[in-house]
Amino acid sequence: MLTLKNVSIKRNNKLILEKINLNINNNSTTAVIGPSGIGKTTLISAICQLIPYQGSILWNEQKLNLQKQTIAWVPQDFGLLPWFDVHKNISLGIKIRNKAKLDSENQQAIKRIENKLQLTDIIHKFPNELSGGQKQRVALAKAFCLKPDILLLDEPFSALDTVVKQTAENLLLKQLSNSQITTLMITHNLEEALIFSDNLFILAHKTGQLRQNPLKEIAPKDRRENEKFAQILTNLQKEVIDLWRVE
Amino acid sequence: MARRIKNLLIAIIILNIIWYVIALAINKDILPNPFSVYAIIPSLFRENIGLDIYASVYRVFWGLLSATAVGVIIGIMIVRLPKFGRIANPMLYFLYPIPKISLLPILMLFLGLGEKSKIGMLFLANVFQVIVSVRDQVRQIPSDLYNSLDVLKASHWQIFKYVTWPASIAGTLSAVRIELSASFAILFMTEVYGTQVGLGYYIMDEWSKMEYTKMYAGIVILSIVAFILFIILEILDTRCNRWRKKADPLF
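Chains A and B, in that order, give the protein sequences.
Read left to right, the first sequence gives residues 1 to 247 (this note's numbering).
Read left to right, the second sequence gives residues 1 to 251 (this note's numbering).
Incorrect hints may appear among the rest.
[Claimed, not checked] In the BS3-like style, the derived pairs of lysine-lysine whose C-alpha atoms are separated by at most 27 Å in a straight line are:
1) LYS28/B to LYS99/A
2) LYS174/A to LYS228/A
3) LYS99/A to LYS125/A
4) LYS63/A to LYS10/A
5) LYS5/A to LYS147/A
6) LYS83/B to LYS101/A
7) LYS83/B to LYS14/A
8) LYS161/B to LYS125/A
9) LYS153/B to LYS88/A
Calculated directly from the structure, the hints in this document are not laboratory data.
Please read these numbers as outputs of a predicted model, since none were measured by experiment.
Here chain A stands alone, though its shape is the one from the complex (with noise of 0.2 Å):
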């Protein structure tokens, strides 16, 4: 279980987050929701340990340990390295883990994960030559090939146009149902968070609510074709307006 118990960041002098306090269950999937500014990406930058924070964050009761713990950050604009092409790139994570050559075994998963995430024509490209889409797919390969004990998704749409976000939307929900990780996604978007997550994170006021997903028992894929899906969406929009408005 991740753990974030009384998180309070400032930056710059400014209190950005106060007495943040969450719990997020393992192989669960928290939806951190907020309007741009209001410290989201900030809030993963603690949890990823690239910020100082007063309070602590832990994993199954014991301080997070990045050494013991792995965390796969999957960024807004995907952290591909540009110099780098998709096979490298997707490996990479590993190679930096095991501080080693990829054996065998990596590199048969490496190309599991490849093959199920449609990247096998496109292995020899650099991160220029691809599409948005196509990025965020090495991305999220990126992620699940380190087997993360925490993933954490950074608007993982955000950058993507209508059409490409619903398949990618299919292929990271088909990925999540199939492996067992705990994951933390930072969305503004409602519509992704009832989708996605098994409980909602709302920050308003520099602190948050944990709420449950209403459609937590509906499978995530049939979410959105369910009937109470529309009202559900309506009334959390409401909600988070007047929360966010105060704000």
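With chain A held as given, fit chain B onto it using these hints.
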């Protein structure tokens, strides 16, 4: 490729026509026509102009290589070691605009008139450009790229190998390409003293003997050598920086 060769040939033909017309119009020994210059080139190789070519290429090679090695290290250090950068940057801005050729007398005093001052001059002429170019290239690396490796607890060496170094290669090659023509200008200046070998020396020697056809042949050979080096750098740039969006070819 075929199109590029065709464009190159057209450019060479046009240059030669212009040269030929001007030579006809002037009709003096100080500007022989291109055919008489090209005709003399094979005989120059029998007279050992190969040794002059070797000496010039040797100086340019070591000048550029030492400037690149030092420039890359300092360029990276300025960005990755902020304390060093805060001191080195103002120094760089102070030294960068100085016309490097004006430092030649100082180099001659300290390094003598031999090879050291010639290579030293080429080093000075290039090193600042490489530092600035590598510094700017490394500075442009988005912090997310470093962050994505930090999250995986990459070592300093891995961060250098996978992020900083590939980015700096791009800066290095573009700097060296930009500076290549300046390097040959500097080379020419350094070969007029303390040596009896090198294309600069050869050209000035033939000039002093009023052997204008040979002088022009030396200039043509110098241009061809510079052109070949430029093409080699372009090939290196294309191979090492395949990831960048393809730039328009030079011709």
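Consistency of the hints with the structure:
| no. | hint | verdict |
| --- | --- | --- |
| 1 | LYS28/B to LYS99/A | violated, 71 Å |
| 2 | LYS174/A to LYS228/A | holds, 22 Å |
| 3 | LYS99/A to LYS125/A | holds, 25 Å |
| 4 | LYS63/A to LYS10/A | holds, 20 Å |
| 5 | LYS5/A to LYS147/A | holds, 26 Å |
| 6 | LYS83/B to LYS101/A | violated, 34 Å |
| 7 | LYS83/B to LYS14/A | holds, 25 Å |
| 8 | LYS161/B to LYS125/A | holds, 20 Å |
| 9 | LYS153/B to LYS88/A | holds, 18 Å |
The structure is inconsistent with the numbered hints 1, 6, although it conforms to all the rest.
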